[in-house]
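Chemist: Turn these sequences into a full structure, and let the hints guide you.
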Amino acid sequence: MELRDDPEPMVVFQEVSKVYPGRKTLFTKGGEDVVALDRVSFEIRVGEIFALVGESGSGKTTCGRLLVRLEKTTGGRILFEGSRIDLLRRSEMKAFRRRVQMIFQDPYQSLNPQLTVFQTVVEPLVIHGHGSHRQREEKVQSVLEEVGLKPASDFFFRYPHQLSGGQRQRVAVARAMVVEPRFVVADEPVSMLDASIQAQILNMLLDLKERYSLTLLFITHDLASARYVSDRVAVIYRGKIMEYGPTEAVIQNPLHPYTRLLIRAAPSARNRGEILPVAACPVDLYHAPTHTGCRFAARCPNCTPQCREKEADLFHVEAGHYAACYLHYG
Amino acid sequence: MSLLEVDSLTVHYLTAKGKVHALEEVSFDLKKGEALGLVGESGCGKTTVAMAIMKLLAPNARVLSGKILLRGEDLLRKGEEEMRKVRWKEVSMVFQSAMNALNPVHRVGDQIVEAILAHDGSFSEEEAQKRVSELFALVGLDPNRMRDYPHQYSGGMRQRAIIAMALACEPSLVIADEPTTALDVVVQDQILGEMKRLQMDLHLSLLYISHDISIIARACDRMGVMYAGQLVELGPTQKVLEAPLHPYTRGLLNSYPSLRGPKKRLRPIPGEPPNLWEPPEGCRFHPRCPRASEICRSSCPPVVSLENGHFARCHRPRS
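In order, the protein sequence lines correspond to chains U and E. The first sequence begins at 1 in our numbering and counts up by one. The second sequence begins at 1001 in our numbering and counts up by one.
Just so you know, the hints here were simulated from the structure itself, not pulled from any lab data. If you're wondering where the values come from, they're calculated on a predicted model, not measured in any experiment. A few of these clues could be false.
[Stated by the list, open to error] For each label pair, taking beta carbons as the anchor points, the in silico distance ranges come out as: (1) R308(U) x R1265(E): 42 to 48 Å; (2) E318(U) x R1291(E): 42 to 48 Å; (3) G82(U) x S1154(E): 41 to 47 Å.
[As the list claims (entries may be wrong)] With a straight-line cut-off of 27 Å between C-alpha atoms, the simulated DSS-like cross-links for lysine-lysine are: (4) K1067(E) x K1031(E); (5) K209(U) x K1264(E); (6) K209(U) x K1263(E); (7) K1067(E) x K1019(E); (8) K1055(E) x K1019(E); (9) K1130(E) x K1089(E).
Glycine included, every Cβ here is placed at the ideal spot set by N, Cα and C.
Modeler: As structure tokens, this is what we get:
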């Protein structure tokens, strides 16, 4: 199914699938294949922040990894600025690696502990043969100040272990931004940080986006931070996009029962919804019966016999707002 | 009378780099059947509070002053032998890394049976089995799955099993240190609901510890906010959230994006928490505080109460 409402999107996912083959071990005869992504389609427009929201194991991180070519698709195609990323030649690959950058979840693991801040941030410039030594130094200085590490020279010779978690994530952002990418994949960039530092980093991402008209894929499990930063959002559940549209429309008027459940379950400090004591009934989310129908059927309050038979495709409901649910079929 | 009373607890850690001022004059109380939450960022001392109550502090910790009264008896004066009787039977704990708290090579039910037999001599093996099956039902697990191994459980189920274990010896107080941190929101919501039900049904006292103010907001009747080793605000949850007295609490509340209401730019607290080897002079929050004045830089603020039961450690609390 085609989801085209922007003539020249930055990124297009067309029916992208990723299947990890079941592995044969000493003890098993080869397990079942794991379908991490099941015909996922969406597009990311130039200059927007697009959020991908899902629980653990939903496939959201796989999307990011496919997009920066850390992994290969097993079906469908991914276009970046109009060209298929799986067909890039070696020479094009280097340019692609410069234009597309990634920020990871855990700044404690993504930075090399043996490199100073300066070495970490200058490395991509060296790899891409950017400017003279002097120009590179100036560039590193300006990008560090940009991400709030001021004065930059105070940080040049520090090692990751001498930085706080927030400072480390700023260094990781600086390293991504230093090559002036067109597009950044940020995979849970704040989930390891304390609340007051999270807000600082989110604000920084918003500022960078404004200043450089950057395009961002923001991957998160937290609907509230997705709402805060993104223009559009896709909600993914067990490898399939359940709902997709302008962020405010999705939050204010969620169409899919899964999105509704996520919004209802999300705790909030401001509006202190009382938690309702639940009935003592056993739940087993991870051993749901294998389905032919909708993958959410077993948990869905609106489930009908139709849902158990065949899964709904993403369906355009209103102004760029899609849902994969029969509730909204015309 | 309160079930638990922590009075002016001060704890330091001795490290190679010097003395860490982990807790400074922390006082609060917890009533029977009440849920109290302590919220704060990493390194604020909230887990040290829990460990001090359980008397499981690291060997380099020094309790400099204070009392921890459980039904009026000071736990700090108890020896290891006496504490063994308190742990599990009086106070039990749901640990932060609950995903790893179960032994992978033993059946889940057997592990809880073992805990019961170890702490309560009056049970026979058979009675303990029966008790575990009751506990499973109590926390929403299928008793038929007692003979499963931990890897056969989902994250939420393991967390329920851990809660069942904490309830095994019918304690009056359960300390839950980040009980839902590793779980997805929907499962988190179910677990919190489960604990709320247990609190009401068993008239249990709960001490929640979390970095996430929204969890505390949902689960607790009263809440305390910790910053850099001090309890800076304490009061009924509703009051603390709606009319916070301490500038840190206000800053923290402004740091969370919300799903409800209009979208507003977040105004996070500038800077980062201090290191506790050399905490700032005066109020520990003054370097980041928008309201700091001369007195905040020079003298440690007293605990003031503006309304009944709502306290703040601040020279200039918002009234």
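Chemist: Each hint should be assessed against the structure and marked as holding or not.
Modeler: How the hints compare with the structure:
{"no.": "1", "hint": "R308(U) x R1265(E): 42 to 48 Å", "verdict": "45 Å, holds"}
{"no.": "2", "hint": "E318(U) x R1291(E): 42 to 48 Å", "verdict": "46 Å, holds"}
{"no.": "3", "hint": "G82(U) x S1154(E): 41 to 47 Å", "verdict": "42 Å, holds"}
{"no.": "4", "hint": "K1067(E) x K1031(E)", "verdict": "16 Å, holds"}
{"no.": "5", "hint": "K209(U) x K1264(E)", "verdict": "17 Å, holds"}
{"no.": "6", "hint": "K209(U) x K1263(E)", "verdict": "18 Å, holds"}
{"no.": "7", "hint": "K1067(E) x K1019(E)", "verdict": "21 Å, holds"}
{"no.": "8", "hint": "K1055(E) x K1019(E)", "verdict": "20 Å, holds"}
{"no.": "9", "hint": "K1130(E) x K1089(E)", "verdict": "18 Å, holds"}
Checked against the numbered hints listed earlier, the structure breaks none of them; every hint is satisfied.
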